[in-house]
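Trainee: Quick mapping for you: the protein sequence lines, in order, are chains A and B. For the first sequence, the working numbering assigns the number 901 to the initial residue and increments by one for each residue that follows. For the second sequence, the working numbering assigns the number 16 to the initial residue and increments by one for each residue that follows.
Be a bit skeptical, because a hint or two may be false.
Derived DSSO-like pairs (lysine-lysine); straight-line CA-CA distance at most 30 Å [what the hints assert, rightly or not]: (1) B/K262 with A/K919; (2) A/K982 with B/K343; (3) A/K919 with B/K343; (4) A/K919 with B/K34.
These aren't lab readings, by the way, just hints derived from the structure by calculation.
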Amino acid sequence: MDTTTQAGARTIIREFLRKRVGQDIQFNDAEDIFAAGLVNSLFALELVVFLEQSFDITVENEDLNLQNFSTVENLEAFILKKKDK
Amino acid sequence: MENTVNRIAGTPSANNRKKPVKCVVWDLDHTIWHGILSENDQLTLRKDITDILKTLDSWGIINSIASKNNHEDAIRMLEEFGIREYFLYPQINWDLKSGSIGRIREKLNIGMDAIVFIDDQPFERDEVAFVHEQVRCLDVDVIGNILQEFKPRFITDESSLRRKMYIDDDIRNLEEQEIGNNRQFLESLQLAFSIQPATVNDLQRVEELTIRTNQLNATGYSYSYEELEALLKSPDHQLFVAELTDKYGSYGKIGVAMVERNGDTWTLKLLLMSCRVMSRGVGTVLLHYIMNSAREKGFRLEAEFLPTDRNRVMYITYKFAGFTESGKLDNGGVILTHPLNDNVSYPDYIKLSTHTS
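Let the hints inform the model, and build the full structure from the sequences given.
Mentor: In structure tokens:
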């Protein structure tokens with residue numbers, strides 16, 4: 901795996917979320933963005949498409965569970981796992 | 016497993032049907048009017064054009080414009096002819112018309128296959144058809160037939176208000192940009208969501224929704240008015256309709272869910288939500304309501320999902336709500352199941368009312 905992915909994934913994800921959730925809302929990397937009511941299911945689709953395009957991965961049906969997408973940390977781990985394959 | 020449920024199949028997919036027309040994009044010179052604006056011709060309106068625009072508008076078919084002209088001059092002419100108000104998002108510029116139609120499609124959030132483009136010039140029709148092969152491109156000489164051709168099966172309350180609803184949405188979107196924070200914006204809207212068992216009065220709108228809705232539609236099964244009437248009477252089925260209102264007014268009936276009961280199991284055969292409310296965060300409210308109802312009444316809950324090229328968001332909605340795949344359907348779809356361990360909550364910026372509360 902190229903090193904830019906590893907270093908940059910979290911920043912890219914955080915940037916995207918910040919833009920969509922609103923600049924002035926604080927949330928940390930371990931916080932469940934869905935449970936906190938910060939986002940909705942349309943956003944979930946946008947997030948999936950964003951990840952596929954930014955990291956050149958395909959999100960399969962079996963990848964689609966809330967666990968993988970719920971926090972910045974989990975999103976990063978998911979991306980790294982997909983890139984590792 | 017023996018199947019004793021009184022099944023009402025519905026049409027497997029809306030794809031077999033003729034796609035409803037949602038928007039007509041008009042050229043201006045030699046189409047809406049006779050003559051060429053930029054050549055200072057004495058312009059006259061085409062015969063019957065005002066009636067056609069008004070009729071389409073009253074049916075909920077949006078009129079728009081793709082014209083190569085100076086924007087201000089053309090708008091002034093439309094105002095002089097008294098037809099300006101019937102056009103949403105007119106694209107009057109010197110760009111390719113395929114680009115103009117792309118922008119209209121984006122504004123309306125509809126499929127290319129729901130757009131008809133009418134222009135007297137073969138070159139313009141070919142250019143649009145080349146880029147957007149799903150757009151139906153027609154010569155202006157057919158307009159004598161289009162009313163007959165495009166007439167929807169039913170005209171509902173929502174149809175006649177559709178243009179106004181787009182304008183209301185634009186006001187909401189402006190406010191959203193000003194507030195800049197999605198959640199605060201949603202709170203400011205004072206959203207009220209009502210879920211009720213369907214009545215006979217709702218069936219035309221329900222049929223319309225099953226035909227018009229593509230993205231937020233879990234199965235794409237479309238049901239005719241007659242099939243829906245049978246569902247209402249069936250002891251094995253429950254049909255729900257959802258309506259959304261906010262401080263600007265009603266979005267109309269925008270959601271449908273249909274549950275089939277078989278022994279101790281509820282199967283969600285239909286879950287759909289008008290794409291207009293996609294960004295309001297209400298998509299899961301109807302689903303959560305069904306989940307909680309099934310749990311309270313002691314039923315297991317399954318949901319059918321049939322993938323199309325546009326409805327991935329519904330699969331995500333089910334999966335993120337905690338459903339897991341538990342089987343395959345003969346039609347290429349899947350069955351999803353939810354354990355229903357806990358009651359699920361609703362977003363706190365939405366006021367929910369149901370027939371039980």
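Trainee: Could you run down the list of hints and mark each one as holding or not?
Mentor: Status of each hint after checking the structure:
1. B/K262 with A/K919: OK: B/K262 and A/K919 at ~26 Å, within 30 Å.
2. A/K982 with B/K343: holds (26 Å)
3. A/K919 with B/K343: violated (38 Å)
4. A/K919 with B/K34: With a Cα-Cα distance of about 36 Å, the restraint between A/K919 and B/K34 is violated, given a limit of 30 Å.
In terms of the numbered hints stated before, the structure departs from hints 3, 4, listed from lowest to highest.
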